[in-house]
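Assembling the complex is the task here: the two chains are given apart, and the hints tell you how they should meet.
Just so you know, the protein sequences line up as chains L and V, in that order.
For what it's worth, our numbering labels the leading residue of the first sequence as 885, then goes sequentially.
For what it's worth, our numbering labels the leading residue of the second sequence as 3, then goes sequentially.
Note that these hints are calculated values from the structure, not bench results.
Mixed in with the good hints, there may be bad ones.
Unchecked claim - Once the Cα atoms are required to be at most 25 Å apart in a straight line, the calculated DSS-like pairs of lysine-lysine come out as:
1) Lys40/V - Lys1022/L
2) Lys985/L - Lys1000/L
3) Lys71/V - Lys955/L
4) Lys10/V - Lys985/L
5) Lys58/V - Lys71/V
To be verified - Derived list of chain L stretches under chain V, where covered just means 3 residues or more per stretch with a C-beta under 8 Å from a C-beta of chain V:
6) 917-928
7) 964-977
8) 995-1001
Don't be surprised by glycine CBs; every beta carbon is placed ideally from N, CA and C.
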Amino acid sequence: MKLTTTNFGEIDIDESALINFEEGIPGFENVRRFALLQDDEMIVDWLQGIDEDIAFPVINPFAVKEDYEFKIPEGDINKLKIDRHEDILIYSIVVIPEDIKDIRTNLQAPIIINAKEKLGKQIILDDRYPLRYEFYEKVGA
Amino acid sequence: MLVLTRKKGESLIIGEGVEITIVDISEGKVRIAIDAPKEVQIIRSEVKKGIEDENKSATSEAAIDQLKKLKKTSKK
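For reference, chain V alone in the conformation it holds in the complex (with noise of 0.2 Å):
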C-alpha cells in the first residue's frame, strides 16, 4: 500500500480524472474534495461494509417455514 504525506491545499491524482485535494484538517478530521468522472461511484467504506454483512444474514438467516406466515397478496 502507498503512504503519503500531503498538507491542506495539497492534492493528487488516482488514475484517469480522479483527484483528491486535502481542503482542511482540524480536531483529527480531514475534509477532502473529490474531483473524478460521473460514472465513478465514491462510498464510504462503512457503507460497503454494512451491505456486505446486510447480504450475508440474508443467505444465513432465511426462515423460510416463517415466511410461509406472510401475506402473498402485497408481492405486486
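Next comes chain L alone, as it looks inside the complex (with noise of 0.2 Å):
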C-alpha cells in the first residue's frame, strides 16, 4: 500500500510487516497499526502511524545504554504472546529537539514488538530508569 508521510514523503509499505498496537501508544491511543521504517542514514529508525500520519524515533536503547536491563511485566508477555526472547525487538523513543545536543530517548517506557506475532506496546516500567535519558556524548559527532 502507498502511504503519504510528512516525514517521509510518499512511502510503499507492505501492509503483512505491519505491527499492531492493540492498547495504541499512551498519548495516541487511536493509532494502533505502525510500519517500522529502517534508516540507513540516521541513528534512529522509525515506527510510522497507519492509522494518523504520525512518526516516532526509535533507537536501540542498549546502544546508548550499556547496561539498560528490565523484566517484561508478566501482564505485556501474555498480551504480545511472547513465547521466545528471539522473537522480540526493542526500542526506546526519542526526542530530537533543535538543540540535538539535548537529544533525549525514554528508558522508562520501551517499545516491545514481537515480531513473530506483529504485536507491539510501550511497556511502563518501575521508577529505576529515567523518561529523559540524555545521550548526546554517545552519538556526537
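Next comes the structure, spelled out in C-alpha cells:
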C-alpha cells in the first residue's frame, strides 16, 4: 500500500509487515497500526503510524545505555504473546529537539515488538530508568 | 464517577481480584495497600502522564536535519 507521510513523502508499505499496537501508544490511543521503517542513514529507525500520520523516532536503547536491563511484566508477555526471546525487538522512543545536544530517549517506557506475531506495546517499567535520558555524548559528531 | 469514604483499615474491591486497603492516613497523605493479580499493572498517574507528554514531544519535535549530523556507527 502507498502511504503519504509528512516526514518521508510517499512511501510503499508492506501491509503484511504492519505491527499492531492493540492499545495504541500512550497519548495516541487511536493509532493502532504502525510500520517499522529502518533507516540506514540515521541513528534512529521510525515507527510510522498508518491510521494517523505520526512518526516516532526510535533507537536501540542498549546502544546508548549499555547496562540497560529490565524484566517484561508478565501481563505484557501475555498480551504480546511472547514465547521466545528471539522474536522480540526492543526500542525506545527518541525526542529530537532543535538543539540536537539535548537529544534524549525514554528508558522508562520501552517499546516491545513481537516480530513473529506482529504485536507491539509501549510498556511501563518501575522508576529505575529515566523518562528523559540524554545521550548526545554517545552519538555526537 | 463513584466517590466513597473509607476509614483507616477498611478496604474495597475492584473487579475480580483487586483489593485496595487504606493502611494509614496522616498529614494530608494516604497510604494504600493494593492486592492485585500480577498481570494487573499499577502505575502512578503522573508517570503515565509524563510518558504521554514525552511521546507527544517525540512526534512533534523531530528535527530530522539536526539528526543527520549524528554518527551512524553507534546504532546497533
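### Task
If any of the earlier hints don't hold here, list their numbers in rising order.
1, 2, 3, 4, 7 and 8
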